[in-house]
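Participant: Please arrange chain B on chain A, whose structure you already have, making use of the hints.
2 protein chains.
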Amino acid sequence: MEEFNFINSIKSKYYKQSSVIKGIGDDGAIINPVNGEHLVISTDTMVENVHFSLDYMALEDIGHRVLAANISDLAAMGSRPLYYMVNISSPSTYDNSQLIQIMNGMTALACHYQMDLIGGDTTSSDQLVITVTVFGAKLSSLNRLRSSAKENDIVFVTGRLGEAAYGFKYIQDGIASKDNYFINRHIRPIPRIDFAEETNDIKRICLNDVSDGIASELNEIAEESNVTIEIDWSNIPIHHEMKDLDKATLKQFSLSSGEDFELVGTCSQDDWERIQKKCESKGIAVTHIGHVLNNDQNQAKVILKDEKSRLVLNRDGYQHGK
Amino acid sequence: MEEFNFINSIKSKYYKQSSVIKGIGDDGAIINPVNGEHLVISTDTMVENVHFSLDYMALEDIGHRVLAANISDLAAMGSRPLYYMVNISSPSTYDNSQLIQIMNGMTALACHYQMDLIGGDTTSSDQLVITVTVFGAKLSSLNRLRSSAKENDIVFVTGRLGEAAYGFKYIQDGIASKDNYFINRHIRPIPRIDFAEETNDIKRICLNDVSDGIASELNEIAEESNVTIEIDWSNIPIHHEMKDLDKATLKQFSLSSGEDFELVGTCSQDDWERIQKKCESKGIAVTHIGHVLNNDQNQAKVILKDEKSRLVLNRDGYQHGK
Numbered sequence: 001m002e003e004f005n006f007i008n009s010i011k012s013k014y015y016k017q018s019s020v021i022k023g024i025g026d027d028g029a030i031i032n033p034v035n036g037e038h039l040v041i042s043t044d045t046m047v048e049n050v051h052f053s054l055d056y057m058a059l060e061d062i063g064h065r066v067l068a069a070n071i072s073d074l075a076a077m078g079s080r081p082l083y084y085m086v087n088i089s090s091p092s093t094y095d096n097s098q099l100i101q102i103m104n105g106m107t108a109l110a111c112h113y114q115m116d117l118i119g120g121d122t123t124s125s126d127q128l129v130i131t132v133t134v135f136g137a138k139l140s141s142l143n144r145l146r147s148s149a150k151e152n153d154i155v156f157v158t159g160r161l162g163e164a165a166y167g168f169k170y171i172q173d174g175i176a177s178k179d180n181y182f183i184n185r186h187i188r189p190i191p192r193i194d195f196a197e198e199t200n201d202i203k204r205i206c207l208n209d210v211s212d213g214i215a216s217e218l219n220e221i222a223e224e225s226n227v228t229i230e231i232d233w234s235n236i237p238i239h240h241e242m243k244d245l246d247k248a249t250l251k252q253f254s255l256s257s258g259e260d261f262e263l264v265g266t267c268s269q270d271d272w273e274r275i276q277k278k279c280e281s282k283g284i285a286v287t288h289i290g291h292v293l294n295n296d297q298n299q300a301k302v303i304l305k306d307e308k309s310r311l312v313l314n315r316d317g318y319q320h321g322k
Numbered sequence: 001m002e003e004f005n006f007i008n009s010i011k012s013k014y015y016k017q018s019s020v021i022k023g024i025g026d027d028g029a030i031i032n033p034v035n036g037e038h039l040v041i042s043t044d045t046m047v048e049n050v051h052f053s054l055d056y057m058a059l060e061d062i063g064h065r066v067l068a069a070n071i072s073d074l075a076a077m078g079s080r081p082l083y084y085m086v087n088i089s090s091p092s093t094y095d096n097s098q099l100i101q102i103m104n105g106m107t108a109l110a111c112h113y114q115m116d117l118i119g120g121d122t123t124s125s126d127q128l129v130i131t132v133t134v135f136g137a138k139l140s141s142l143n144r145l146r147s148s149a150k151e152n153d154i155v156f157v158t159g160r161l162g163e164a165a166y167g168f169k170y171i172q173d174g175i176a177s178k179d180n181y182f183i184n185r186h187i188r189p190i191p192r193i194d195f196a197e198e199t200n201d202i203k204r205i206c207l208n209d210v211s212d213g214i215a216s217e218l219n220e221i222a223e224e225s226n227v228t229i230e231i232d233w234s235n236i237p238i239h240h241e242m243k244d245l246d247k248a249t250l251k252q253f254s255l256s257s258g259e260d261f262e263l264v265g266t267c268s269q270d271d272w273e274r275i276q277k278k279c280e281s282k283g284i285a286v287t288h289i290g291h292v293l294n295n296d297q298n299q300a301k302v303i304l305k306d307e308k309s310r311l312v313l314n315r316d317g318y319q320h321g322k
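Chains as they are written, first to last, in full-length UniProt numbering: chain A, 1 to 322; chain B, 1 to 322.
Next up, chain A with everything else stripped away, as it sits in the complex:
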């Protein structure tokens, strides 16, 4: 497989992005960056039986999921997707048709965002290991960093939380129908590029994608921005079907199970009204779930307010009094 340059064999005849001077087929890709734009780059590796399993996912699903998780990082940086690179290490039992299935899962998603495959590598290995590197562009004036939350900001989240975890529970229970909404949320997540696009005239949005659960993502924001964030359990957007779950499970799914690939962030009160209007007009759900407190004590932490309690929420979703 190494001898046969697989990636070369699946290269496009033309590139959608005019900034691609040379794509696949030389020692490296050549990009002509657009003046006034910053380039955003993110990379993620997914490993068989660690991040996905062939027991319940087709190779196309795996391709989709690895690329989607990477594009989600571009969304969280407020950027427009441009290109991607793919490194696939696979067992010697794999042939080209299997690699093409993985790539087909990526290509369908990439086409949706007009992304070009500009490079990559295939190697042999004992287990399937896929690294995807994605490239996006954003106006240099936009700030989407985790460190940009400010006191009195609104805290919001897109979509609903915990659905990927709930879908995974269905899979564990032996249900594997791809018609199932929740299973699809786990297997075929859709990154929130629509939100990034709609809000690309708002200068500052502190933004993170929900890959590890909002307990983790909000703690990252609190630490990087050195702020205290308070969220209200009653405002967490949850699918009505999940409300039958016991509360502990529901909290685990919606606060500390990740891979929903929604976006969580903070913005000013004024911008929140604009964001709401923009998202409403495009059918993108956004929910106000809390706010950034006056940080008199200069403490970086996340507080979860419930009917009866007000507890500190750790990265892992554990709640405690102080």
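No lab work stands behind these hints: they were computed from the structure. Quantities reported herein were computed from a predicted structural model and do not represent experimental measurements. Hints are not guaranteed to be accurate.
Keeping only pairs whose Cα atoms sit at most 25 Å apart, straight-line, the calculated DSS-like set for lysine-lysine is [said to hold, decoys possible]: (1) 11/A <-> 243/B; (2) 301/A <-> 11/B; (3) 13/A <-> 301/B; (4) 150/A <-> 13/B; (5) 13/B <-> 301/A; (6) 203/B <-> 282/B.
Facilitator: Frame of chain A; chain B shown alone:
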């Protein structure tokens, strides 16, 4: 290991490249590309027991080698190294100290080129799999593509060929001393960024790095440029110590064994004189090994001229009459 963000823990306190707006520590890196420069991007994966072995290489060596192979692609694109990303998948028996050893091997080389680590990922896997993605810049006016060879061009190579393969033979024979020049050429290759830098005022050089052997690299150039290349066996630069090898082995090492990470290319007669002078002044060995023929028959091929024969040289080093 996944929980602990290793890459985050080894991030620099400052970045050498002023174009890094945000390095490690958010959903993606942010780069502010330099006006008038193109960005060059290349990626390679190396897998334990496929591309390297811990039997004769230290983890630092492996780190060095993976990054060096990637930087070699930047050299072959005539670009100045800027940044790199590292994705390491490693067995659960690995702890942070072992990952740090791998990174130390990279950092030493990266420092030499003022490269910044701007992102990456660590995951669990059954065997060590390392993906490195490198970024470089070059003036938009420079052409270093494989497709840019022209009739009557000079064909040249940097350094000497077959030394990494000869070093690997030493290792196979049970010799593993790192004081051995040839073993070092295998384990700790030095990419030819010096050549790329010295020649960055020459507009067109058709260039390829010797990762698979010049039989393969020259065939790539011949095919991409649609030219016939003739090289002369008597001109291939070979270390005097290797001349004791039988001719078949010597040809195999110098023509079809790769990983010397030298550069092979073609340029005009006028530019060849300039390249020679520039390289001589910097102590970079370059050797004229052949030329691009008048391509009357419009055939893409490589011919190896010997004392007695003139045979077609295939990608794999096999020679035949037609």
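Participant: Determine for every hint whether it applies to the structure shown.
Facilitator: Structure-based check of all given hints:
1. Taken as a hint, the residue 11/A and residue 243/B pair is broken in the structure, with Cα atoms around 42 Å apart against an allowance of 25 Å.
2. Note on residue 301/A and residue 11/B: the hinted pairing holds, with a Cα-Cα distance of about 23 Å set against a maximum of 25 Å.
3. Restraint check for residue 13/A and residue 301/B: the C-alpha separation of about 24 Å stays at or below 25 Å, so the hint holds.
4. In summary, the hint linking residue 150/A to residue 13/B is supported, as the alpha carbons are separated by about 24 Å, within the 25 Å threshold.
5. Taking the CA atoms of residue 13/B and residue 301/A, the gap is near 24 Å; set against the 25 Å cutoff, the hint holds.
6. For the suggested pair residue 203/B and residue 282/B, the alpha carbons sit about 20 Å apart, so the restraint of at most 25 Å is met.
Hint violations for this structure: number 1 only, all remaining hints satisfied.
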